[in-house]
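Number of protein chains: 2
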Amino acid sequence: MSYELWYWPDVPGRGEFIRLALEAGGIGYRDRSCEVGGEALMRDLAGRRPRPYAPPYLVAGDLCIAQTANILLFLSDRHGLAPADEAGRHLAHQIQLTIADIAEEAHDVHHPVDAGAYYEDQKAEALRAAEAFRERRMPKYFGWFETLLEQSGAGWLTGARWSYADLSLFQLVEGLGYAYPRRMATLAADIPLVLAVRAQVRALPELAAYFASGRRLGFSEECLFRHYPELDGA
Amino acid sequence: MSYELWYWPDVPGRGEFIRLALEAGGIGYRDRSCEVGGEALMRDLAGRRPRPYAPPYLVAGDLCIAQTANILLFLSDRHGLAPADEAGRHLAHQIQLTIADIAEEAHDVHHPVDAGAYYEDQKAEALRAAEAFRERRMPKYFGWFETLLEQSGAGWLTGARWSYADLSLFQLVEGLGYAYPRRMATLAADIPLVLAVRAQVRALPELAAYFASGRRLGFSEECLFRHYPELDGA
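Which chain is which? The protein sequence lines are B and Y, in order. Following this note's numbering, the numbering of the first sequence begins with -14 at its first residue and continues without gaps. Following this note's numbering, the numbering of the second sequence begins with -14 at its first residue and continues without gaps.
Hints were generated in silico from the structure; no laboratory data involved. Among the hints, erroneous ones may be present.
As the list claims (entries may be wrong) - In silico EDC-like cross-links for lysine to aspartate or glutamate, where the CA-CA straight-line distance does not exceed 16 Å:
# : chain 1 : residue 1 : chain 2 : residue 2
1 : B       : Lys125    : Y       : Asp99
2 : Y       : Lys125    : B       : Asp99
3 : Y       : Lys108    : B       : Asp99
4 : Y       : Lys125    : Y       : Asp86
5 : B       : Lys125    : B       : Asp175
6 : B       : Lys108    : Y       : Asp99
Take the sequences, apply the hints, and build the full model.
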C-alpha cells in the first residue's frame, strides 16, 4: 500500500502531525505537499469522491481520508501506532482530538474575529484573546496532559511505548514553544512529564533520519503556531 | 453492557449528538446529566482514570471514553451506526469531526475573545465575528455537506441508511436554525439535500419515542447554539 499525503506546501501546520506518525512508524508515503502548489492541491481536492472538506487528506489506493485525527486513527489501526485494545485506542484518539482543540485555539488567538482576514486587522482583539489563552487555556490543557502522564506512570501517554498521541504532544509543545517562548518558560516547572515526552520524542531512533533530513518544515507566521512577540507574556 | 452518559445538566450542547445516536440506535443508557448537577459531574470526572479533559464522556463498564466524535465512533463500532467498511467508517467520522469544527466556530462567534468571559463583555468583537461566520463560514460548510449528499446520491451522507453523521447534521441544522433563523432562511435554497436529511431524521421511526418523550432539551443562551438577534442577518 502506497500512501499520498496532500497538504498546503511549505508549512508544517496540521500536516506535520501526520508526517511525524508516518515517519516514526516507518510507513512509506509520498508527500504531495512538497511537490505541488496550493492551486494544484485545490484542484486535486475538488476531484476527490468523497470530497474532503479541507487538507490534509491521505490517499490510500481507492480511499481518501480527511481530518487529521481521522487520518491518524486510520494509520494507527493499520500500522500499530497506538495500543490495540479498546481503552488505549480510544484514549490515544481522545488525546489527539484534544490536541486538535488546543491547536485550533492557538490559531484562533491570532485570528479571533475572522480566519479569512489578516492578523493586523484583528490585532486589538488578538491581544485580548492571547491573554485568556496564556493565563487560562494553556495551563488547563497542559495540566491535563501532565495528569494523564502521571496516571500512565509509564513515561508515555498511553503506556510503555510511544503512540501517535505522544508524537502530536511533541509537535504541540514545539509549536507553542515557538509561538509563546516566554509563557512556555514559566509553565515549564509545572509540566515536567510533558517536557520529558518532548525530549523522548526528539531522541526517538525512529525519527532520527527524519530530523536529520532537512525535510521537517520550520514554523512561521503563515501557519497554525505563529510568533507575534506582543501576544506572548510570562 | 450498560452505558452512562455524563454531561452538563439542562443543555443539549455536545451531549445531544451522543443522545441522538444512543436513541436512534436503540442503545440502553443512563443519562447521568439529568440526575446530577455540575459539581457532582466535576467530582466524578476528577476521579476517572484516565481522566477526561471535559464532558461529555461515556462510561462503559471499565472504559471511560471522552470527546464527542470519539464516543460516537466507539458506539458506532459496537452497534452499527455507520457503514462497517473502512471507507464509510472513516467518512462518517470525517463528517462528525467537521460538524464538531463548525459547532465550535458557532460557539466562538459569541465568545471570540475569551470563552471564560460573558458574551456581553465581548459583544463588539462578536458582531464582527458573526458577519464572517454568516457570510463565509456557513456557506462553505453547508456547501460541503450538500456536495457530499450529491456525491452519495442515496439520500443520506454515507449511503442508503442513516448514520450517526446524519443525526449530527440534523442537530447542527436545528442548532443553527435556532441561532441564525434569518441566515438559515436565505441559505435554504442552496441546500435542499441537507434540509431533506433534517426532515428525514425528524421523521425517523427510531427517534419517534424520544422526540415525543419531552426528554429532548431545548436550545438556550447557555449553550453552544445561542440566539442573539443582533448576530443574525440574512
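Results for each hint:
1. B:Lys125 to Y:Asp99: Given pair B:Lys125, Y:Asp99 holds - Cα atoms ~14 Å apart, limit 16 Å.
2. Y:Lys125 to B:Asp99: holds, 14 Å
3. Y:Lys108 to B:Asp99: Holds, at roughly 15 Å.
4. Y:Lys125 to Y:Asp86: Status holds; Cα separation ~12 Å.
5. B:Lys125 to B:Asp175: Within the cut-off at roughly 11 Å; holds.
6. B:Lys108 to Y:Asp99: Holds: B:Lys108 and Y:Asp99 sit about 15 Å apart, inside 16 Å.
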